[in-house]
Amino acid sequence: MEQTGEDYKLIFEKEGVYLHTNAKRSNQDTTIPGFIRIVERAGVPALEWSPLEDEGHSAPAVLYSKKDGEGGEEDTNFDPGYEPDWAVISTVKKDREHVPVKASGQWSFSLPLSELYSLRRARFSLGRNFLVLTSRGGHPLPPLHFHRGGTRELLRALNRYIILDQSPVDGRLFLAYPHDSGALSQSFDKLQLLDDGGSDLVSRFIQDPYATTFGGFSKVTNFFRAAIRPPESPIHLRTPHDPNMAPQSDEEPGFELITCGVELGPRPEVTRGQPFDKWEEFLDPEGRVKNPEKIKELVFRGGIMPSLRKDIWKFLLGFYPWNSTAKEREDILRVKTDEYFRMKVQWKSVSEEQEMRNSLLRGYRSLIERDVNRTDRHNTFFSGNDNPGLTLLHDVLMTYCMYNFDLGYVQGMSDLLSPLLFITQNEVESFWCLTGFMELVHHNFEESQEAMKQQLLQLSILLKALDPELCDFLDSQDSGSLCFCFRWLLIWFKREFPFEDILTLWEVMWTRFPCDNFHLLIACSILESQRGELIGSDHDFNTILKHINELTMRLDLQSILCGAEAIYLQLVQCKELPLKVQQVLGLYFSSSSEEDSPDSQASETQHHLGQREGGAAAAAHGPAYP
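Position 562 of the sequence shown, counted from 1, bears residue number 561 in numbering that gives the first Met the number 0, the numbering being contiguous throughout.
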C-alpha cells in the first residue's frame, strides 16, 4: 500500500471513513465520507483524514440512517467488549491547547503521530461505533466511523510507529507511546486485580514481547500515572482541598510528603471480643432496639453470631431504622417488596428489539452475566450450573441498574452482593441491603475515580506518619503510589480474606467505629504486617507487587483488626498529630482557632467519636471500647 514521492510516503489508506461533525445524540447524524491515511512527510509520520470532495469527488456532507451503517465489516475486535478488571477511570479531557493540525479543508486534519495521546472507541447514537482520537493537548478530534471496516488494519499500521497500549482503567481506551519511550505495552489490567489465581502474576503480565523488552513491571507506576493524569499536565500537583500547598515531589505526584518527626508514642495492646449474641436482650416489648450504639460497639469488638446476621445486617445497612417497631418493620418490608418488583418488571419487560436500541442496558446485562458466572463459585450457594443463587445474583444486579441507572453496573459490585445474598437468602432483602452498602461505597465505582485516588492519597498520608521507613522503602522501589492497594479499597478487601472472614470484616466496618476511614487503617495494618518481608529484602517493584497479590487468603483477620484498632488508638493519643492525619481520621475541626491546642484537639476528638447515628446517646463514647 506504500506509495512514495518526493518527501512524501503513503503508508496506509482506507476509504469509507465517515467524520462525525456533531457528537450530540440524535436520530440523524451529520457525517462526511472521506479517507483515513497514514503518511510520512519529510520522514515525519502523521495520521490524516480528508473528505471525498478534496479527492476530486463531489460528495457533500450527508445524513444517513442506521440502515446505512449496517453494511460492511464491524470491527468488534477493537473493543474488548468487557470493562477491565479494575474500575472505570475516564480519560481526562478539558481545555488544553489546540490540536496541532494542518487544515486542508473545513474538516480535514493531519495529526503527527508523536502528538497522538489516545484512541478510544465510543458510541454516540443509533448504536454505531466511532473512533475518537485525542491529541497530547487533550483536545479530541471529530469522531470517525469506519463504514466499511478497517480499524484493525489501521491499528496494525499505527503499530509501525507507536505502541497502542490498552488503558488499565478503561478497556475501550488505548494510550499511545513512541516505541522508544520505555513505556509498558501490556495493560495494567493484565494484573487481573479482580481475578482469581494470582500465583502466576508475573508470567501472565510479561507474555507480550513488548513487556519483556521494556522490563516487565518496571514502568507500571509511570503507566498508572499516565492513565489518571491529563496529557501534558504538570507533575507537581496540588490537592483540591489545599490549593496553597507546596508542589509534590516528582516521585509520587499528588501525595503529600509527611516527614513525621512527631513521636507517636507506644502502640496499645488490643484484644478482640466474642461475637455479639445478645440480640433479644436489646429489644423492647414492641421490638425497638434499645441501645443501638452499644450494639455497634459490641459488633465492632467481635462481630456477630452467624445466626443473628440475617437480622442485624438489615439494621447496619439501613434497611430497617434502629428505632422501628416490629410492626413498622413488617410494613417497611411490604412496601420495599412492592418497590423492588416494580423495578424488576422494568428490565424484565424490555423486549429484545427494545434492548437493541438501548446500548447502556445491553452493556450492563453483558457485564453482569460475565461477572455472575465467576463470582464466589466455590461457595455452595453459587456453585454448579443452573444454580438458583446465580439467577438471584443476576436479577438483583439488573434491578440495581434500574434503581441507579446513572451508575448502573460496574465490575466488583457482584462481589459486594454475593455475601448479602448468602446471608439473607432473600432476593428483596439482599437488594435493599446492597443499596445501603452502596451508599457507603458508591463513590468507589464512579467513572471519575476521584474518590479512589483520594483514598490512595489518604492511605499514603497515614502510612507516612506511621512508618516512614516502610514508605521510604516503597518509594525507593517505585511503589510509593500504593496502587497495589486499589483492589483492597475498591471492594473492601473482598478478595483478600476467606468468605467467612469477609462476613465478620464487613459487619465490623459497617458500624463505622472507631472512625469512618477505618478501612484505611486496616490497609495500614496489612502493610505493616508485611514490613519484615519487604524492608531489607531485594524486592523490587515486580516482586513487591507479586508479594502483595499473593497475600490473598493468607491474612489473619483477627490480628489485622487488632493492629488497625491499635493504630487508631496510637494516633488519637498523639498530642502533636500532623494536621493531614487528623483530617483523614476525622479528628480535625476548623470551627475555632482554639483547636490548635492539644487539649482542644483531644476534646474535639471525643466530640467527633460521639457524633454518629443516635445523637446524644452516642456522645459519651470515646476511643475506649467495652
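Bear in mind the hints are in silico, worked out from the structure with no lab data behind them.
For every residue, glycine included, the Cβ atom is placed at its ideal position computed from N, Cα and C.
Careful: at least some of the hints might be erroneous.
[Unchecked claim] Calculated pairs, DSSO-like style, for lysine-lysine (alpha carbon to alpha carbon, straight line, at most 30 Å): (1) Lys309 <-> Lys293; (2) Lys545 <-> Lys574; (3) Lys335 <-> Lys309; (4) Lys277 <-> Lys309; (5) Lys574 <-> Lys293; (6) Lys277 <-> Lys326; (7) Lys309 <-> Lys326; (8) Lys343 <-> Lys309; (9) Lys574 <-> Lys452; (10) Lys293 <-> Lys343; (11) Lys347 <-> Lys309; (12) Lys289 <-> Lys277; (13) Lys343 <-> Lys326; (14) Lys343 <-> Lys452; (15) Lys289 <-> Lys347; (16) Lys289 <-> Lys326; (17) Lys277 <-> Lys293; (18) Lys335 <-> Lys347; (19) Lys326 <-> Lys293; (20) Lys335 <-> Lys277.
[What the hints assert, rightly or not] The following label-pair restraints were derived from C-beta to C-beta distances: (21) Arg553 <-> Arg356: 44 to 54 Å; (22) His377 <-> Ser558: 49 to 59 Å; (23) Glu575 <-> Asp330: 24 to 34 Å.
Hints, verified against the model:
Distance restraint check for Lys309 and Lys293: the Cα-Cα separation of roughly 19 Å lies within the 30 Å cut-off, and the hinted pair is therefore satisfied. Between Lys545 and Lys574 the CA atoms are separated by roughly 38 Å; this puts the pair beyond 30 Å, and the hint is violated. Straight-line distance between C-alpha atoms of Lys335 and Lys309 comes to about 17 Å, which keeps the hinted pair within the 30 Å bound. Proposed proximity of Lys277 and Lys309 is supported: the alpha carbons are some 14 Å apart, at most 30 Å.
With a C-alpha separation of about 28 Å, the suggested pair Lys574 and Lys293 falls inside the 30 Å cut-off, and the hint holds. Distance restraint check for Lys277 and Lys326: the Cα-Cα separation of roughly 21 Å lies within the 30 Å cut-off, and the hinted pair is therefore satisfied. For the suggested pair Lys309 and Lys326, the alpha carbons sit about 18 Å apart, so the restraint of at most 30 Å is met. Proposed proximity of Lys343 and Lys309 is supported: the alpha carbons are some 23 Å apart, at most 30 Å.
Taken as a hint, the Lys574 and Lys452 pair is honoured in the structure, with Cα atoms around 29 Å apart against an allowance of 30 Å. At most 30 Å may separate the alpha-carbon atoms for a hinted pair to count; Lys293 and Lys343 exceed this at roughly 37 Å. Of the pairs offered as hints, the one joining Lys347 and Lys309 holds, with about 28 Å between alpha carbons and a cut-off of 30 Å not exceeded. The suggested pairing of Lys289 with Lys277 holds, with an alpha-carbon distance near 12 Å, which does not exceed 30 Å.
For the hint pairing Lys343 with Lys326, the CA-to-CA distance comes to about 26 Å; that is within 30 Å, so the pair holds. Annotation: proposed proximity of Lys343 to Lys452 is violated, straight-line Cα distance about 34 Å (limit 30 Å). At roughly 41 Å between alpha-carbon atoms, Lys289 and Lys347 are farther apart than 30 Å, so this suggested pair is violated. For the suggested pair Lys289 and Lys326, the alpha carbons sit about 16 Å apart, so the restraint of at most 30 Å is met.
Only pairs whose Cα atoms come within 30 Å are accepted, and Lys277 paired with Lys293 is accepted, the gap being roughly 11 Å. Among the hinted pairs, Lys335 with Lys347 is consistent with the structure: their alpha-carbon atoms are about 18 Å apart, no more than 30 Å. For a cut-off of 30 Å, the pair hint linking Lys326 to Lys293 stands: about 23 Å separates their Cα positions. A hinted pair counts as satisfied when its Cα atoms are at most 30 Å apart, and Lys335 with Lys277 qualifies at roughly 28 Å.
Under the hint 44 to 54 Å, the C-beta atoms of Arg553 and Arg356, about 48 Å apart, fit the expected range. A hinted range of 49 to 59 Å is violated for the C-beta pair His377 and Ser558, which are about 24 Å apart. Judged by the Cβ atoms, the range 24 to 34 Å given for Glu575 and Asp330 is violated: they are separated by roughly 53 Å.
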